[in-house]
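Asker: Note that the protein sequences, when read in sequence, are chains A, B and C. This note's numbering numbers the first residue of the first sequence as 233 and each following residue consecutively. This note's numbering numbers the first residue of the second sequence as 233 and each following residue consecutively. This note's numbering numbers the first residue of the third sequence as 233 and each following residue consecutively.
Just so you know, the hints here were simulated from the structure itself, not pulled from any lab data. Careful: at least some of the hints might be erroneous.
[What the hints assert, rightly or not] No farther apart than 25 angstroms at their CA atoms in a straight line, the calculated lysine to any residue pairs in the SDA-like style are these:
hint	chain 1	residue 1	chain 2	residue 2
1	A	Lys353	A	Glu336
2	C	Lys327	C	Ala348
3	A	Lys327	C	Glu563
4	B	Lys277	B	Asn248
5	B	Lys327	A	Leu443
6	C	Lys566	A	Leu264
7	A	Lys327	C	Arg447
8	C	Lys327	B	Gly588
9	C	Lys327	B	Glu596
10	C	Lys277	B	Leu234
11	B	Lys277	B	Leu234
12	A	Lys345	C	Ser455
13	B	Lys566	C	Arg266
14	B	Lys568	C	Lys327
15	A	Lys566	B	Glu315
16	A	Lys568	B	Glu336
17	C	Lys277	B	Asp592
18	C	Lys353	B	Leu589
19	B	Lys353	A	Leu443
20	B	Lys566	C	Phe310
[Stated by the list, open to error] Covered stretches of chain A, going by a simulated chain C footprint (3 or more residues, C-beta under 8 angstroms):
hint	segment
21	321-330
22	338-345
These numbers come from a predicted model, not from an experiment. Think of the CB as a built atom: it goes at the ideal place given N, C-alpha and C, for glycine as much as any other residue.
The lines below spell out each chain.
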Amino acid sequence: MLGAADNELLTRTGPNTDMGRYFRCFWMPIALSRELPDCDGAPIKVKVLGEDLIAFRATDGRVGLVEPTCPHRGANLFFGRNEDCAIRCVYHGWKFDLEGNAIEMPNVPPDAKYHAEMRIKAYPTREFAEMVWAWMGPLPSSPSQLPPLPALEVGLVPPEHRFVSKKLQQCNWAQSIEGALDTAHFSFLHMPAPNVATTSNPNANADQKRLQWMRNDPMPQFSFVDHDAGFVAGASRRADGNELYWRISQFLTPNHSLAPNALPGENYQGQTWVPISDTECWIYTYAWNPLRELSAVERNKLTSGHGVIGETGPDFIPLSNRNNDYRINREDQKHKTFTGVNGVSEQDAMIQDSQGLIADRTLEHLTPTDAAVVRFRRVVLKGARELSAGVAPKVATNCEAYCVRSGSTIAAENLSFADVMLQRFDNPIGQVQSVKQKELE
Amino acid sequence: MLGAADNELLTRTGPNTDMGRYFRCFWMPIALSRELPDCDGAPIKVKVLGEDLIAFRATDGRVGLVEPTCPHRGANLFFGRNEDCAIRCVYHGWKFDLEGNAIEMPNVPPDAKYHAEMRIKAYPTREFAEMVWAWMGPLPSSPSQLPPLPALEVGLVPPEHRFVSKKLQQCNWAQSIEGALDTAHFSFLHMPAPNVATTSNPNANADQKRLQWMRNDPMPQFSFVDHDAGFVAGASRRADGNELYWRISQFLTPNHSLAPNALPGENYQGQTWVPISDTECWIYTYAWNPLRELSAVERNKLTSGHGVIGETGPDFIPLSNRNNDYRINREDQKHKTFTGVNGVSEQDAMIQDSQGLIADRTLEHLTPTDAAVVRFRRVVLKGARELSAGVAPKVATNCEAYCVRSGSTIAAENLSFADVMLQRFDNPIGQVQSVKQKELE
Amino acid sequence: MLGAADNELLTRTGPNTDMGRYFRCFWMPIALSRELPDCDGAPIKVKVLGEDLIAFRATDGRVGLVEPTCPHRGANLFFGRNEDCAIRCVYHGWKFDLEGNAIEMPNVPPDAKYHAEMRIKAYPTREFAEMVWAWMGPLPSSPSQLPPLPALEVGLVPPEHRFVSKKLQQCNWAQSIEGALDTAHFSFLHMPAPNVATTSNPNANADQKRLQWMRNDPMPQFSFVDHDAGFVAGASRRADGNELYWRISQFLTPNHSLAPNALPGENYQGQTWVPISDTECWIYTYAWNPLRELSAVERNKLTSGHGVIGETGPDFIPLSNRNNDYRINREDQKHKTFTGVNGVSEQDAMIQDSQGLIADRTLEHLTPTDAAVVRFRRVVLKGARELSAGVAPKVATNCEAYCVRSGSTIAAENLSFADVMLQRFDNPIGQVQSVKQKELE
């Protein structure tokens, strides 16, 4: 459990909070690139870390991200005109460039002293991995001094090799990422109903057998290796014979997690949590394959929800959500799935939301299988506390630390986690040595 | 009028209130039995006295009523599996029996010290009169020491003799039960429009004449007899000649009232108010006939609303409600009914809701016809105050005190209320001496 | 900008606020007359200056305006019967006349002392210009001593000469009236898209040319004349040759504004803002022509929204509103109109709402074209402050001060504003000398 003060510290990310300041040391996705399809197209409202903003794709293709309030009389720039690499207020025509400078104030006399001074808050943006990322932290004296984007592998592979989307999660960010790092829950939440047989065919392959291994062992053993960006966590369950079934996930501070499901050759999946407010967040979701293009069949499957990728409407709101009890079907819960809810992403959303808008960690009773949850809290609480004491997170400038992989493997039971990592990833922390050389050629 | 402090005391029934503690000295209906039709069926969310709970019918037919929060990580047991006389959290499989004990914790090592200690809040339940009742008070050392259920006659007659339902009331419980005890309002609220003639045929029977008597006398005289469970109230109006028309109702502490309408031989009706929160309550409604089965025609009539029984949708929300102004029809109000609202239950709901979410009794100006309202307040305020001073309500263990009847009669004007009670019920307080012997043989 | 305290003073009009007391020195429209079409018809709920009330047209045609709470037990008189020049509570039949006196209390013994004392809050009403007006200020000893209604010209012309409606505005009253007085914004908010040509035909008439003049000059020069009821504001832009295009508007304290659009001979338009609460207001809108009846074509045009008159549903809620982003069409914004929103009223509503539920004037940066906005604030803040110091507004009893006009004209550039007023209105402040003599004969 956490004390009440730590629960607050962990979960609050608004502008004047310690965790909020920690988040603002890192680039944050604020939209999918395809939400802003056209130059000079419609601005969109975005809310990030408790801040109401608008985003628009300018005439030259860059994405502007600014506060919505015109400093003249407070009219909202969302209704503004996106024109000539600027956004213009439609009340009296004040016009702001992507850096937030007021470049036209048609009703202000030419000699007014504030012509050169007037500005609105504006955040630098970049596009990477089909997402628009924003820098919401302190501005360096020159844009070229901004830290690099985290080198998530999904952004390094060619577009044909990846699928990127997002989904709304109707609860605090922290309990949701905890759900992703807590791989023990697969033994229940994502299982078939108890009376549904998993394979007992001794010749079945690993893909067919993993459900059975997870059902049979609800108390996986956790091992960890800490690294610059966070940690890699391995959870091992009994497999057949003298083997263990390992599910290995990554936590990358402050808000990314890579999924443990992929056996060698399967597509990788990952998620990035971005608080809208303290009670809602966007989860950016992605799948990729460094070795080959995704097939049309795979792309279709992902489009309608698969693994951590949810089935959403055109507004990215999951079709199964808090307001419809995740379309739970109690007959299915009796006879088909453990939850009666369809889809891994949807099952995760249901159980994470059900912990409350903000989970009260003062009431919980943790067990050894919550080890990754505990470790995640420790990393980000430490990061926020250190920042508050004046020490900025070093990894925020170390983009390569984010180029790691996660996934599953079957290994002999006498192998250490370190050995397993080498066997599965050829690297002790799953780091991708060189996308180009190793896998893409 | 009441002072502000008494108004608070009267209307607040949450866990940490004096009236809430008084309510918890008594069994409370928390659902209709038919809302939980199947063993191992879907759990339902119930909110009672401000507490969020879930109810489920277990494998053996018993009804579990527990807090919804799993103590492991706070996931909601509403989404849980109802299996093997227990509810199982679908996050990590913790399983709780109907007494709230954690009987399985699959991800907790066998030697963990809290295996025997972990539990959730669970309330004992019974079924009676087609309702599920819960004991939310202090638990005795053995279940056999729980007090008996109140012996409401509706629960003692065979099922064919009764009709039981419920309806949502969108205001505080107390002003709603006050409306039921205030029989003076019939002279207006439930009347035809003034220009609609009531019978003037001197040979009409009592059933036909009562509307006229009530219209003619808006200031009935109230008489009372206090008894162990509360009081019986008689309101007399001028009838024909030297006779009075008596409408006699019962208040049974803390939250039952029996209706005054039944002439001898007619079906009895009663209601039980159970706060959801301080601004909404369920009213459990019932009609019964000790002497015979209800006919198909009567049952149909009751199903679509009659007397205190409302016309509701499948969710028990009245079709006429606060959100649609009770489907008031102003033409009807001019030419047909005094209110323009259809149905006695609906007229009551409208006027009670209209007093506010919680009526402010500091502003009221009472009259002699509010005598039953005043007496009701006195009984429950006294009960709550005595409990707060350490004196538990004796009637909570005296189930027979609840086996009483109410109804109407015509009597000579020189008869005292005591004489009228004997004439109508053969008993000074309307108590049913023996259902079996007196009426059912 | 205003300080936070002045912003509060300006925007809060509830019963216990200084601005609320200032508003209550003046008659307020509370409904359109046609919302109460029938004697003894359905009462309606009205909320005015934060007070929940009900209005009903009595048997004799007068309009009652009373608090909705019956003093007996607090039932809501909205559900009451409108009968015999009174409203009767349907709970126990208490009946109140239009002055608020309880004239029947059927369940109160005849000798009860409060028969003569019981009353509810009731406000005097008048009808004028197809609106029901209420006096919510201190009551004089006799109704004949109530001040006269403001003699807005729209109420003095025959009904065939005018059109009156209303529209909901989903923000504070003050920023909305500021939008009406700020005539500088026409150069952007109500313009065609930049790539749409306005006329360049040198022979076009003034009506065709004004769009071009406004587009070409976004910084009009403001001139003012203060008068008893407020002020008249003239904003001049360059027209053709040596001429100026003047747009002249009126502010009439505390809540009327007459629109600047009408060239000589065109219909006049005006608006009156009445706060519902501090975050919503009704805007009563009207058009009139002193010289002739409105044509069927004009009336049709006004019915579906024109100028300051909005396109609303039967409930007077604008079809374009805060909840649907004013049906903004971004393609239209590119190619047709500056905003992509249809309608002057709708464009105004959008930009005023967009300033927030209550605009925060501590953040604004005013320019010389905000002069009328500043002057408006000064007038009403001064009025509220003086009242608070014991000095009632003299203009509240000076109904003739409200009989003024506003509109446009083209004038030689060397004419002073005083000269322009005389040229356009034959009067230095636009006052109507005699409707009958001057224009209607």
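Asker: Are the Cα atoms of C/Lys327 and B/Gly588 separated by 25 angstroms or less?
Answerer: With a Cα-Cα distance of about 20 angstroms, the restraint between C/Lys327 and B/Gly588 holds, given a limit of 25 angstroms.
Asker: Would the hint linking C/Lys327 and B/Glu596 be met if the CA-CA limit is 25 angstroms?
Answerer: holds, 15 angstroms
Asker: Holds or violated: are the alpha carbons of C/Lys277 and B/Leu234 at most 25 angstroms from each other?
Answerer: Status violated; Cα separation ~28 angstroms.
Asker: Does the structure keep A/Lys345 and C/Ser455 at a Cα separation of 25 angstroms or less?
Answerer: Within the cut-off at roughly 23 angstroms; holds.
Asker: So if I understand the rule, the pair passes when the alpha-carbon distance is 25 angstroms or less; does B/Lys566 with C/Phe310 pass?
Answerer: holds, 14 angstroms
Asker: Would you mind confirming whether the straight-line C-alpha gap from A/Lys327 to C/Arg447 stays at or under 25 angstroms?
Answerer: holds, 16 angstroms
Asker: Hint check: A/Lys566 vs B/Glu315, CA-CA at most 25 angstroms. Holds or violated?
Answerer: OK: A/Lys566 and B/Glu315 at ~9 angstroms, within 25 angstroms.
Asker: Are B/Lys568 and C/Lys327 close enough, with their CA atoms no more than 25 angstroms apart?
Answerer: holds, 20 angstroms
Asker: With a cut-off of 25 angstroms on the C-alpha distance, tell me whether C/Lys353 and B/Leu589 pass.
Answerer: Holds: C/Lys353 and B/Leu589 sit about 21 angstroms apart, inside 25 angstroms.
Asker: Can you confirm whether chain C covers the segment 321-330 of chain A, using C-beta to C-beta distances below 8 angstroms and requiring at least three such residues?
Answerer: It holds, with 5 qualifying residues against the three required.
Asker: Quickly compare the C-alpha distance for A/Lys353 and A/Glu336 to 25 angstroms and report which way the hint goes.
Answerer: Holds, at about 16 angstroms.
Asker: Would you mind confirming whether the straight-line C-alpha gap from B/Lys277 to B/Asn248 stays at or under 25 angstroms?
Answerer: Answer holds: B/Lys277 to B/Asn248 is near 21 angstroms, not above 25 angstroms.
In terms of the numbered hints stated before, the structure departs from hints 10, 11 and 19, listed from lowest to highest.
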